[in-house]
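Participant: Please model the entire structure based on the sequences and the hints provided.
Here's the letter readout for the chains.
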Amino acid sequence: MRTRLYGWAAFPALLLVWSAAAWNLPPYVLPQPWAVAAEAVRWLNSGQLAAHVGASLLREAGGFAVAVVGALALGLAGALSPGFRAFSAPLTGLFMAIPPIAWAPLSMIFFGLGYVAITMVIVVAALFPMAVTVQEGFLAIRNGNLRAARVLGARRWQLIRHVYLPASLPFLTAALRIGFSQAWRALVAAEMLGASQGIGWMVAMGGQIGNATQVLLGVAIIGMTAWITESLVFRRIERRYRHWHLA
Amino acid sequence: MKSGILAVPRALPCADQQDGAPLPPGGAAFHVDGVDFAYDGAHPTFRSLALTARPGEFVALLGPSGCGKTTLLNLLSGFLPPDSGRITIDGETVTPEMPALGYAFQSPQLFPWLNVLDNVRFGLRMAGRLPDTEQRDKAMAALALVGLEAAAGKFPHQLSGGMQQRVALARALVLEPRLLLMDEPFAALDAITRATLNEELLRLCGRLGQTVLFITHDVEEAVFLADRVVLLGIAPAGIHSELAIDLPRPRRLRETRRLERFTTLTDTLLERISAIVATA
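So the sequence lines, in the order shown, correspond to chains A and B.
Numbered by this note's numbering, the letters in the first sequence go through residues 2 to 248 in order.
Numbered by this note's numbering, the letters in the second sequence go through residues 30 to 309 in order.
Don't read these hints as lab results, they were simulated from the structure.
Pulled a few chain B residues facing chain A out of the computed Cβ check, cut under 7 Å: (1) P125; (2) E126; (3) Y132; (4) Q138; (5) W142; (6) F151; (7) G152; (8) A156.
Quick reminder that beta carbons are idealized off the backbone N, C-alpha and C, glycines included.
Facilitator: Shown next, in the form of structure tokens:
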């Protein structure tokens, strides 16, 4: 119980430290938390905030969706075919070693400034880590469960529907979580380089015009969006499957 | 449903010991005929292996480690095809999917995403011949056979190892197999649970009358359970010898183990195993 209280104390403590630091600095360098909150209200009322967050989420959704489909195909192919697995492993390793944002300039040369260029960066960012997770998950489906199902009369398509599919839920949700957060990081970075709206643009623009309040507001929204999706959505889903490993 | 061995009305009084009144034998004849098998040409695992079980017979396969038990099981259940020779149940070539074959694994292999009832129901759902309510009734009757009706709504991880193994047994029995292949199903359990399950297994076999091939490395377990113990030599020797177990049935753990004949039989087997290991 006591340990939990420390968890609840973390964010207020961060705000306190922030506020104390802002006390000793001019507001155009580090504004107070409530100044950022007031800025948030202003952006909210003008409808600007919704427009920028909406633009970012639209790109995230598009890139993430394409990456999910691609990762399922790559992961399944890798799990089913040892040859494909051996062939794709070095390539996946290489692409995972390159920070996705390094592709942004090339993507913008290819697709021009706009939705597609940024979405492609997201796809590259999310695709490979998700494909690896999906592949490892399928490979780890317990041989014993498959044998048991066969002895109980399950035929090929029944194995897919009644064993492979339910057994894959835990690592599929883990893959979604990993992919979503990778996509989100890449999205913000790409928007800072080449977008005319979005949360990343909001932060970059704030920096250029010397508006620290706007920068901090953008950073706070980036962090909160990631935190909410990660711990409130994906981790919750994953928790439902935790006991599966014990059986 | 009405004539099945798991019909609901008959399953109910099963909580009592009923070894004295077995149902008509529902066992299949099992034949292994001249089976050769090798993972690679130079080192055969089995050469012209032959093994037969009468309908309703309880055969224990006993062997030291390294005798090819795992390979033998994979062959007997059709997961591995023999290089030559035939393995048949009632004349039909064995495949893992054939309905006559029930299989109990060393670990229970329950599906963690299904509750106990749905685990037991799994085979009936795959076959898809019965309406939902009848599937449930049959699954409950099978759970009653192993004394676990109360656990129907639980998930596998909420059960002890022994309970999981009993659920696995019910899951195999619900399909009314005529041959039950058991791969050291109780080896991972503690001695007390294991002894209880051995007794329970004999009670079920007395009722249901299926043929059983029971793989074990425990001499006393083999003697307690079986009508006949088949001793395997180190691969590729195949079958070393057989021993008929002429202990009276019904067998009870404490009474049977105290019989002089029980000691004689286990001693005989232990001597033979020492001989096998010595020549290896």
